[in-house]
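Engineer: Those protein sequence lines, which keep their order, are chains S and D.
For the first sequence, the working numbering begins at 1 and goes up steadily by one.
For the second sequence, the working numbering begins at 1001 and goes up steadily by one.
Mixed in with the good hints there might be a few duds.
Straight line, CA to CA, 25 angstroms or less: simulated DSS-like cross-link-like pairs of lysine-lysine [to be verified]:
1) Lys1111(D) with Lys121(S)
2) Lys1139(D) with Lys121(S)
3) Lys217(S) with Lys1221(D)
4) Lys121(S) with Lys1059(D)
5) Lys1163(D) with Lys1064(D)
6) Lys1139(D) with Lys1111(D)
7) Lys1163(D) with Lys1111(D)
8) Lys1163(D) with Lys1059(D)
9) Lys1121(D) with Lys1100(D)
10) Lys1121(D) with Lys1163(D)
11) Lys1221(D) with Lys1064(D)
12) Lys1163(D) with Lys217(S)
13) Lys1111(D) with Lys1121(D)
14) Lys217(S) with Lys121(S)
15) Lys1221(D) with Lys1059(D)
16) Lys1100(D) with Lys1139(D)
17) Lys1139(D) with Lys217(S)
18) Lys1111(D) with Lys1100(D)
Hints were generated in silico from the structure; no laboratory data involved.
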Amino acid sequence: MSAFMENIDWSEIGQATLDTLSMLGGSMVLTVLLGLPLGVILFLTGPSQMLHNRIANGVLSLVINILRSVPFVILLIVMIPLTVALVGTSLGVAGAIPPLVAGAAPFFARLVETALREVDKGVIEASFAMGARRRQVVLGALLPEAMPGLIAAATVTAIALVSYTAMAGVVGAGGLGDLAIRFGYQRFQTDVMVVTVVLLLVLVQALQMVGDAVVRKVSHR
Amino acid sequence: MITFEDVSKTYAGPGKQGGDRAALAGVSLSVAPGEVFGVIGASGAGKSTLIRLINGLEKPSGGKVVVDGDDVAALGVEGLRSLRRRVGMIFQHFNLLSSKTVAGNVAFPLKLAGRSDAEVKARTAELLERVGLTDFANKYPAQLSGGQKQRVGIARALATGPKVLLCDEATSALDPETTEQILELVSNLNRELGLTIVLITHEMDVVRRVCDRVAVLEGGKVVETGPVEQVFLHPASATARRFVTEADGVPGEAGAAVDGRVVRLTFRGEATYRPILGAVARETGVDYSILGGRIHRLRETPYGQLTLSLTGGDVEAAIRRFQADGVRVDLVAEAGR
Chain S
1 MSAFMENIDW SEIGQATLDT LSMLGGSMVL TVLLGLPLGV ILFLTGPSQM
51 LHNRIANGVL SLVINILRSV PFVILLIVMI PLTVALVGTS LGVAGAIPPL
101 VAGAAPFFAR LVETALREVD KGVIEASFAM GARRRQVVLG ALLPEAMPGL
151 IAAATVTAIA LVSYTAMAGV VGAGGLGDLA IRFGYQRFQT DVMVVTVVLL
201 LVLVQALQMV GDAVVRKVSH R
Chain D
1001 MITFEDVSKT YAGPGKQGGD RAALAGVSLS VAPGEVFGVI GASGAGKSTL
1051 IRLINGLEKP SGGKVVVDGD DVAALGVEGL RSLRRRVGMI FQHFNLLSSK
1101 TVAGNVAFPL KLAGRSDAEV KARTAELLER VGLTDFANKY PAQLSGGQKQ
1151 RVGIARALAT GPKVLLCDEA TSALDPETTE QILELVSNLN RELGLTIVLI
1201 THEMDVVRRV CDRVAVLEGG KVVETGPVEQ VFLHPASATA RRFVTEADGV
1251 PGEAGAAVDG RVVRLTFRGE ATYRPILGAV ARETGVDYSI LGGRIHRLRE
1301 TPYGQLTLSL TGGDVEAAIR RFQADGVRVD LVAEAGR
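With the hints as extra help, turn the sequences into a complete structure.
Structural biologist: Structure (structure tokens):
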């Protein structure tokens, strides 16, 4: 059994875990900051919505679809010049965050749009009937009513980001995925592979559990 | 308080089919301050559009809607917000915010209007008291029954102290007993606060219980309008007759295979309870058989309506005798073979 664990360098595993967590945290915050407004605009400019605008909606939708249809591995490489321009390097945690956000924000924006569509139209109408401004309707009624759906969308996005961070290892981002590829796969160190996969599993499971708990907390339906 | 002048509303046609769909055509009506005004019509008759024109949720395609002195279509954003604080609205499906508590829902319009926290708190407590939901302040709508939800809706609609209350099929999703309670609450608000109320419904029974006047809507046009008494007892249009018949749950008139002269007697107020029928029969030697009848209340006034066939004796004298007693007599059919 000791032979099985002989390749494990726990300090390296610890560092990789920290890298994964910081990539995940950094990119998740930026994804929400960027994706939430995009999703709201996508929803509001949609057919028979309060800011209905076919052109704006069409352009936004197209950009989101383009970003979503590029495989993430390709996006990582294509974005290298832009990443360098933005954060000064394409390596490490900092270098991974721009492509992670570019990959996840459009995904999150679509999920936000779907969550907002689930909000009862009658509630929106009632808010207007009470004398609400558009901004008050969005901030005071639409987003709070959609909150359970938005939290669920954030959970799905965070979990997608976990697998994106693993892929980011390909361009030298570090993290657990990077460890799994370089040691577990390329050097046939099965024990490293197993440990990293188990850690990623624990991370995904934890995210899902926390997400579900928050949804339960904010849902009063 | 509210006037519609030759109002029409058309929606853009459904896609390639072309041709616009008219929801309302040439509607004129006026609602006096403090009145309970009913609009009855089948689904698709244009009721929803009509009530939404009053608070500017819909814009008229033609004509003019004036509410509390404002031409609704001419109002800007702030003018419309001000109008909507003077016109409350309740809905068939309540449309409460599921993410806010009962108190939060009632406070919402006050916060939208920018009232101070202290004022919001005091006013919310007062409104919950008024609708009898003080103990439910911290519950969420999902924990309430339909009737309680509508009470929250009413409290919320009253928050900004409106002069007008719009009821959009407000009791259609409720059971009969709850409907009764909500209608009573609405009636009380009308009496105690002098609130002008416009309610749309497809149930004549709702109109009968609370309305002063009613407009009957069919295919986007007002086919009949008048005091509830008149429309209910002597409907002039086929549509109104259909609603009245539905409300009674019996066919309006008996079949043709009846002897004698078929008349409809309408009793109102005290006459409803007097033993007129027997007295008239004895005095004039007329025989009667009852073909149909109903006894009800219109708001506070009891009324009865009987369809009889009269045979033998002096039918003309019997009719004069009924009329002398304050009973309205309508000839339905000159039967007999």
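Engineer: All the hints need checking, so say for each whether the structure fits it.
Structural biologist: Hints and how they fare:
1. Lys1111(D) with Lys121(S): At roughly 21 angstroms apart (the allowed maximum being 25 angstroms), Lys121(S) and Lys1111(D) satisfy the hint.
2. Lys1139(D) with Lys121(S): The hint holds at about 23 angstroms.
3. Lys217(S) with Lys1221(D): violated, 49 angstroms
4. Lys121(S) with Lys1059(D): At roughly 18 angstroms apart (the allowed maximum being 25 angstroms), Lys1059(D) and Lys121(S) satisfy the hint.
5. Lys1163(D) with Lys1064(D): Cα-Cα ~20 angstroms, so holds.
6. Lys1139(D) with Lys1111(D): Within the cut-off at roughly 19 angstroms; holds.
7. Lys1163(D) with Lys1111(D): With Cα atoms ~19 angstroms apart, Lys1163(D) and Lys1111(D) stay inside 25 angstroms; holds.
8. Lys1163(D) with Lys1059(D): This hinted pair holds, its Cα atoms lying about 21 angstroms apart.
9. Lys1121(D) with Lys1100(D): At roughly 15 angstroms apart (the allowed maximum being 25 angstroms), Lys1100(D) and Lys1121(D) satisfy the hint.
10. Lys1121(D) with Lys1163(D): Satisfied, since the Cα-Cα distance of roughly 22 angstroms is no more than 25 angstroms.
11. Lys1221(D) with Lys1064(D): holds, 15 angstroms
12. Lys1163(D) with Lys217(S): Measuring from Cα to Cα gives roughly 39 angstroms; hence the hint is violated.
13. Lys1111(D) with Lys1121(D): Distance of about 10 angstroms is within 25 angstroms: holds.
14. Lys217(S) with Lys121(S): It holds: about 23 angstroms lies between the C-alpha atoms, which stays within 25 angstroms.
15. Lys1221(D) with Lys1059(D): Given that 25 angstroms is the threshold and the Cα spacing comes to 17 angstroms, the pair holds.
16. Lys1100(D) with Lys1139(D): Holds, at about 9 angstroms.
17. Lys1139(D) with Lys217(S): Holds. Lys1139(D) to Lys217(S) sits at ~14 angstroms (cutoff 25 angstroms).
18. Lys1111(D) with Lys1100(D): Holds. Lys1111(D) to Lys1100(D) sits at ~13 angstroms (cutoff 25 angstroms).
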